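Asks: Residues per chain, in single letters:
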Amino acid sequence: MLDNLTQRLARVMKTLRGEARLTEDNIADALREVRLALLEADVALPAVKEFIAAVKQRAVGEEVIGSLTPGQSLIGVVHRELTKIMGEAHSGLNLATQPPAVILMAGLQGAGKTTTVGKLAKLLRETQKKKVLVVSCDVYRPAAIAQLKTVAAQAGADFFPSIADDKPADIAAGAVDWARRHYYDVLLVDTAGRLAIDGAMMREIAELHAALKPIETLFVVDAMLGQDAVNTAKAFSETLPLTGIILTKLDGDARGGAALSVRHVTGRPIKYAGVGEKLSGLEPFHPERMASRILGMGDVLSLIEDAKKGIDEQKAVEFAKKLKSGKGFDLNDFKEQIGQMRKMGGLSSLMDKLPAQFAQAAGQMQAGAEEKAVGRLEGIINSMTPAERTKPELIKASRKRRIATGAGVQVQEVNRLLNQFEQTQKMMKQFAKGGIAKMMRGMKGMLPGMR
Amino acid sequence: MFGFLKKSPAEPDSPLNVAAAEAPAPAQAQTLSWRDRLKAGLARTRANFGGKLKTVFSRGKVDDELLEDLETLLLTSDVGMEATRHLLHELGTRAKHGRLETPEAIQQALADALYELLQPLEKALDVHTHRPFIIMIAGVNGAGKTTSIGKLAKYFQAQGKSVLLAAGDTFRAAAREQLQIWGERNGVTVIAQESGDPAAVIFDAVAAAKARGIDIVLADTAGRLPTQLNLMEEIAKVRRVIQKADPSGPHETLLVLDANIGQNALQQVKAFDRAIEVSGLVLTKLDGTAKGGIVAAIARQCPKPIRFIGVGEGIDDLRPFDARDFVGALFE
Chain A
333 MLDNLTQRLA RVMKTLRGEA RLTEDNIADA LREVRLALLE ADVALPAVKE FIAAVKQRAV
393 GEEVIGSLTP GQSLIGVVHR ELTKIMGEAH SGLNLATQPP AVILMAGLQG AGKTTTVGKL
453 AKLLRETQKK KVLVVSCDVY RPAAIAQLKT VAAQAGADFF PSIADDKPAD IAAGAVDWAR
513 RHYYDVLLVD TAGRLAIDGA MMREIAELHA ALKPIETLFV VDAMLGQDAV NTAKAFSETL
573 PLTGIILTKL DGDARGGAAL SVRHVTGRPI KYAGVGEKLS GLEPFHPERM ASRILGMGDV
633 LSLIEDAKKG IDEQKAVEFA KKLKSGKGFD LNDFKEQIGQ MRKMGGLSSL MDKLPAQFAQ
693 AAGQMQAGAE EKAVGRLEGI INSMTPAERT KPELIKASRK RRIATGAGVQ VQEVNRLLNQ
753 FEQTQKMMKQ FAKGGIAKMM RGMKGMLPGM R
Chain B
6 MFGFLKKSPA EPDSPLNVAA AEAPAPAQAQ TLSWRDRLKA GLARTRANFG GKLKTVFSRG
66 KVDDELLEDL ETLLLTSDVG MEATRHLLHE LGTRAKHGRL ETPEAIQQAL ADALYELLQP
126 LEKALDVHTH RPFIIMIAGV NGAGKTTSIG KLAKYFQAQG KSVLLAAGDT FRAAAREQLQ
186 IWGERNGVTV IAQESGDPAA VIFDAVAAAK ARGIDIVLAD TAGRLPTQLN LMEEIAKVRR
246 VIQKADPSGP HETLLVLDAN IGQNALQQVK AFDRAIEVSG LVLTKLDGTA KGGIVAAIAR
306 QCPKPIRFIG VGEGIDDLRP FDARDFVGAL FE
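Residue numbers (this note's numbering), protein chains in the order written: chain A, 333 to 783; chain B, 6 to 337.
So that you can see chain B by itself, here it is in the shape it has in the complex (with noise of 0.2 Å):
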């Protein structure tokens, strides 16, 4: 079982130093191709959404006609009811305020609402605060767990830290087999069980991880829809067994939502909130999705940062949420 102790020690080091010596260079020009790249990702996000926009926007006026319209937009954009209201009422104030007469006008002051709705989950993870780091990973089936983990590795490792994953979803079919093959493609140590219970797997992990130093623990866990009870509590043990491998962990609980998903996005946040306390959020193939708008429902009833958005099928492609950015892919 411990087998992968044995050739290991080295390979800790060696990526690491590697990854650190070039980490300044990249990550200049990183900066600017990230944000060509979520603009590309965003695309037809914006195809759709601000395509739509300009239409309505180029009648020029707030009256009741446009915000009716806009209603109708927002809502297609999977913002939500409440969210939608919340903006529409954001854009009346505005626009009693200032003169809000040009199109672009209009369009600022949306934007200024989204932004500021949005502004407060722009939180970044901050992995610095322990060691082991343990990262426990969420979500309903399918939405892009596993392949999350393999990119979370990639973007910690670029960062001059040694991650480790565990195994953790027991129950699906290759689900080990999958974040082995990702571990091997990033070169690192995957812990993994030949069956039994995802909590075992994962308190062998964080041991594991704190014996030879590592940094980061990404613990993945089995894709579970939140009206399965049984399996909401399995998860809710996971959490309390990681309790116990590390008292103070787990330091960051993340809930991986698929942005194609509609408003029920926000019952699975508030149920895995419930039962593990979540307290970050990662949104996946944003790329394909027309809409990211969700995230604004998410920001009004059951605000958590979110910590990373995907955007592409790259290994690189995800990257941490910034605010300004999204909006300004989604209007321009």
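Here chain A stands alone, though its shape is the one from the complex (with noise of 0.2 Å):
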């Protein structure tokens, strides 16, 4: 789709290599990418001017980490802003009160008011053992009573049966006060759609909420929305106390930089995020997975984690120090780099941590055929004998040949293997030239089957 914010910070950092710390001017550029990157994912601009402003702020004076270049410390910068921006930790419903805790409902047409009606009372009544009881006062829509009323079926929960000549009102006053006399934890009131400039409606909401008092008022919302999504929470939070915020339709590809609008504008939490059709399927919000998810980046930051996780650093020295005192680099190393890579969560998880350059490259292959191949390398590998492995310029046609029985493949395999690890040895000899960090930094790049 469109650039992604990575690549486009690869570009503009290609100037940068080399410096030490970020300063405003070396920025400035990749600060005008990242505020279109965040345009581009919807974020409304309002939210984008104050959230630039933060990270540049952040940003300058930042000295570049050993092993990353400055593009990737921005980044890191960028990432850590959006999320501690998108929330702290998640914050559950409050429910607190002298039952039945009502909540109300609140958002646009089709923003997902009912289904997450469902999918709350279901979530309360299995996770935390309540007695919910639901309500519709969505005169307006057609059916929409009788959506609410399947709907409670399938979760599991009471249903107050209203009619659509009835006014919301009355029906809320009916619903608590039926609430109270069975003893009803928690009481969840939908309502009809509305747009933010419909007067009337937002009047309507406003009494409604009046009436009940509601412990939580949330504001469902479409997480592919786009820039105007800053109007219509900016329209709600003025007219309703919200409490809360609910993103649905998270399980699509829009990037959803709705959710950084909305929270820019209400300072109200993500409570919870709708994914899929299921009832079941409404998650506490995660804010670092959607700060990557509106860069578009792909995890990088914890793929570097990852790295630095997975790869003993005291074992990297040692390799370097193998490489430089001459002795080279050989297939029992090569092993290890794929056994290291293992630890990393295997190839399809780095790809979705992988810069979309790297992804590009290595999508070629297909995606199970993969793992396969790495398998297989290894079982290559691991037919060999420990001399084979440390000096594979022994192996001629005849080991070929036992090694390829042995690990149960064709010979051509085995030397597509030592073509392979031919080629990361040369990389390795370049790499052996730089320091610690260098290497560190180019083996994300040549990973083998990679390319």
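It is worth saying that the hints were derived from the structure and are not from the lab. These figures come from a predicted structure and were not determined experimentally. Where hints are given, some of them may not hold.
[To be verified] To give a feel for the contact side, a few chain B residues facing chain A, derived at Cβ under 8 Å:
{"id": "1", "residue": "T77"}
{"id": "2", "residue": "H102"}
{"id": "3", "residue": "E109"}
{"id": "4", "residue": "G149"}
{"id": "5", "residue": "W187"}
{"id": "6", "residue": "Q198"}
{"id": "7", "residue": "L230"}
{"id": "8", "residue": "T232"}
{"id": "9", "residue": "N235"}
{"id": "10", "residue": "M237"}
{"id": "11", "residue": "E239"}
For each residue, glycine too, the CB sits at the ideal point set by N, CA and C.
Two chains, each in its own frame: build the complex with the hints.
Replies: Now the structure itself:
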């Protein structure tokens, strides 16, 4: 789709190699790219502006950590800030009141309010063992009440019947009364979708709120919303004292910038995220995941962290020494690399985390095939004797035949492995000239099988 | 299952004739009120878009700063990066050729560029090529498919066509009931089944339409996100089954887009196009969104004719897309 942020930053940052510190000058272009990336992800402009200012403040003066490029450092700052803005840890629903705890849902048409009511009812019933009553105050859309009834039955929650001729406020009052007399823990109130500019409808929900005095007023937002999310959120939060946000349809492929816009305007926590059509599809909201998604960058940072975790620093140092002492990179090391790659979660999880240019190159191979190929490589190396592993040049025709039989592959595959190894070895020699940091960086690019 | 056959034979005639007789007179009045309604619906769009434009344009000269401001402006209207660059490039070219010194001239130049971009999307839907003319409707969850079908039914009826609705959304709770209520309001037959396969329901509907000489079949489908590959597979099957019922169909595959949606709308168009060969778009909820800019992005990156736009909650608020009116309403 669109260039992702990492790719664009890579372009801008080319000129930046070797600078040890981020300064206002050297990140100006990069910040422009960040700004565009956020806009493309549908983050609203006011939110973008404020965010960029915050990042600038944080980033200037930041030291470029050893193995990272300035670009990666900046992305680190961007990601950190984004996660922070998106809210810290997950905050659940507040039900601490004299029962019934009333939860009012509000949002645009088609945001997913009714489905979310069903999902919440199921969640509260199953994880918190609450007795849940649901009621629909949507007297406008045809069959909205019937929809909630069906959803409630699927969720195992009780449904307070209402008819489309009633006034929403009357329905709500009746439901509260019923809930109180029948000792319900939670009452979920579904409302009609409304446009923020529809004065009459906004007044109606404000009255509903005044009558119900809900402990939670949740704003249901479609994750696909565009720039207008900020206006909608503003109008709703001015009319209603919102207590939280639920982001729906996150299983789509939208970048979800609306999350940041809404969060920016309302300042309320995003409590849950709706994924999938099933009633079990309601998850606690993860700020870091959302940050990565908005940036469209693949989780580069966690790849870097994984790499740090996965590759033992000590081993890496020994490895470097070995290279410098002139003793070549052998098949044992090659195998170790493959093992390390496995530790990092295998190729496919790696692919998710890689920035686009690598992923593209790697994407030429078929998804499942890579895992298999890696396993096969290991198998072939395992069929070699220790002598062969340290001195691959020993391997001639008859040894190849033996290894192939041992690993259950064709001789050609053994040849291919040896070729691949040779290439890797060549690259290793180049890296041997640079320091460890350089080599660490290089390693990411030359994982076997990635070409 | 075919119980509806009993009561209906007389039905198509009466509302049809009445509608046909009444059509010419209100049509005249409606053209005017339609423009007003579009304007009213887009008032908010204009307030935001036009208002900001005025302040930007009041600077008077086309320089880098102005272009940068315009870029921001277009981006915040959901126009998207690619289309924004294109529009600015166009504006730049125009600035070089003609003398654009007054705010009005710049505004006119941008309006022209936008109009040129959108004009190719303005293609009215011709429903006279087949009978029954089968229209399949698809979209993501909550885009407004079922509501649009209700409005479309009304629209076609007003043109003196007989309409039949197929409740192909067998998944969402009460989607069938929602369509049935719409059908009642419009006096249109709705073909529905208790549960089961959406393709089967629509197959039945097409057969029923043929038997009864209906002009237009509107086939509803369940909302689905393009990432749900199994559901995309399912809708591709619905299309294949329609082809089985009528080898020339479906004659139109409409994708319903919520105008509130941002850049993801592009992904939606592309994904649905791959699955069911989208032949036209319906843009809904234009009265609420402050910007209709995504239209420009679509025109640039995956042009599909915009058949209808929805600018209000009323049953008459779905109308053919008119690029001139759209741009005009945006810039006035």
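Asks: Now tell me if each hint is right for this structure.
Replies: The hints, checked one at a time:
At its closest, the beta carbon of T77(B) sits 6 Å from a beta carbon of chain A; the interface hint therefore holds under the 8 Å criterion. Checking H102(B) against chain A: minimum C-beta separation of about 28 Å lies over 8 Å; hint violated. Given hint, E109(B) at the interface with chain A, is violated; its Cβ is 25 Å from that chain's nearest Cβ, farther than 8 Å. Interface restraint check for G149(B): the shortest CB-CB distance to chain A comes to about 6 Å, inside 8 Å, so the restraint holds.
Annotation: W187(B) was flagged as interfacial toward chain A, and the flag holds, the nearest CB pair being 6 Å apart, inside 8 Å. Evaluation of the Q198(B) hint against chain A yields a violated restraint, the C-beta minimum of about 16 Å exceeding 8 Å. Here the hint on L230(B) is kept, as its CB sits about 4 Å from the closest CB of chain A, short of 8 Å. The beta carbon of T232(B) is positioned within 8 Å of a beta carbon in chain A (closest approach about 5 Å), and the interface hint is therefore held.
Annotation: interface hint on N235(B) violated; nearest CB of chain A at approximately 11 Å, more than 8 Å. Hint on M237(B) is violated. Least Cβ distance to chain A is approximately 12 Å, over the 8 Å limit. Using the Cβ-Cβ criterion of 8 Å, the hint placing E239(B) at the interface with chain A is not satisfied: the shortest such distance is roughly 12 Å.
In summary, the numbered hints that this structure violates are 2, 3, 6, 9, 10, 11.
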